[in-house]
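Colleague: Sequence:
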Amino acid sequence: MSRSTTLATLTAAFLASTALVAPSAFAEAPTLESGHANWNIKGSFLSYIQKPFAAATITASDGAEKVLDASKLVDFALPVNAKESKLTATGEGVIDLDGAISINAHHGAMDIQLSDFKVVIEGAKGFLQADYVRKGAMPGAETTTLTGDDKRIVEFDVQQPLKANKNNQFAATFTPTKLTEDGSAIFDKQYKAGEPFADSKVALALKFKDAPAQTTPTPTPEGSSLGTGAIVGIVLAAIAALGGLAFAASQPGFQAMLGKLV
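Residue numbers (mature numbering (1 follows the signal peptide of the UniProt record, and there is no 0)): -27 to -1, 1 to 235.
The hints are simulated quantities; they were obtained by calculation from the structure and are not laboratory data.
There could be a bad hint or two in this list.
[Said to hold, decoys possible] Distance ranges between label pairs, derived from CB positions: (1) V40 - A171: 12 to 22 angstroms; (2) A166 - P112: 22 to 32 angstroms; (3) A171 - K39: 17 to 27 angstroms; (4) S34 - S7: 17 to 27 angstroms; (5) G113 - K139: 55 to 65 angstroms; (6) N140 - K108: 40 to 50 angstroms; (7) G81 - A145: 31 to 41 angstroms; (8) A184 - A28: 46 to 56 angstroms.
[Said to hold, decoys possible] Keeping only pairs whose Cα atoms sit at most 27 angstroms apart, straight-line, the calculated DSS-like set for lysine-lysine is: (9) K45 - K165; (10) K39 - K124; (11) K39 - K15.
Ideal Cβ positions, reconstructed from N, Cα and C, are used throughout, including at glycine.
Please work from the sequences and hints to get the whole structure.
Modeller: Here is the structure:
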């Protein structure tokens, strides 16, 4: 075996031993426990669709609920499906929502079905995603059907990371929102894609699980195992015995490894 090969083997052993004493520096991703999202589509749209001439039937099902104010629908609440949600330590990821929304108006000329909702957070941008089926027609036109699966229908800016406060909670209202191209198509492009709506919002109220209790490592009793200094000494002695101490000491990689422990 060549001297360089032997030194490489000892270096690998050296790294393995130092890994045992290196502290972990990775933040743990939060785990959702419960919560809900609110979406009002657009304030003026909900007001319009509840006028008598619209003859609308509005249904919230599969866990979704209507939010009323003075007997008027002002919002939809969608419960969080914590089991299917996943966020990173920086608050990005997918929040899965239960619930479905159905709006049928103008005697079937407007028929909108929305389900499989998700809130997607990507850095400073957020999206409301859904499956949709839209059927309808303008007066005098043939009925058309439009469908979408897992489509981002609403976009909004995220001003603060989705991180738990001291009570393991997070709450924020994102407004204004914008319809995406798919979102605009759901409403027959009566609302322009990318146009901010001052009377629109997506809100989140989240509860996170308590973080696991931090455990303090038990100090190793003297003489029960080799300490870091002893390991370094053994490795250096072995290299010296091979006549390669001077050679190893001249190598930048070895110098860097040794510098981490002294």
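Colleague: Any hints this thing doesn't respect? Which numbers, in order?
Modeller: Going through the list in order, the structure violates no hint and respects every one.
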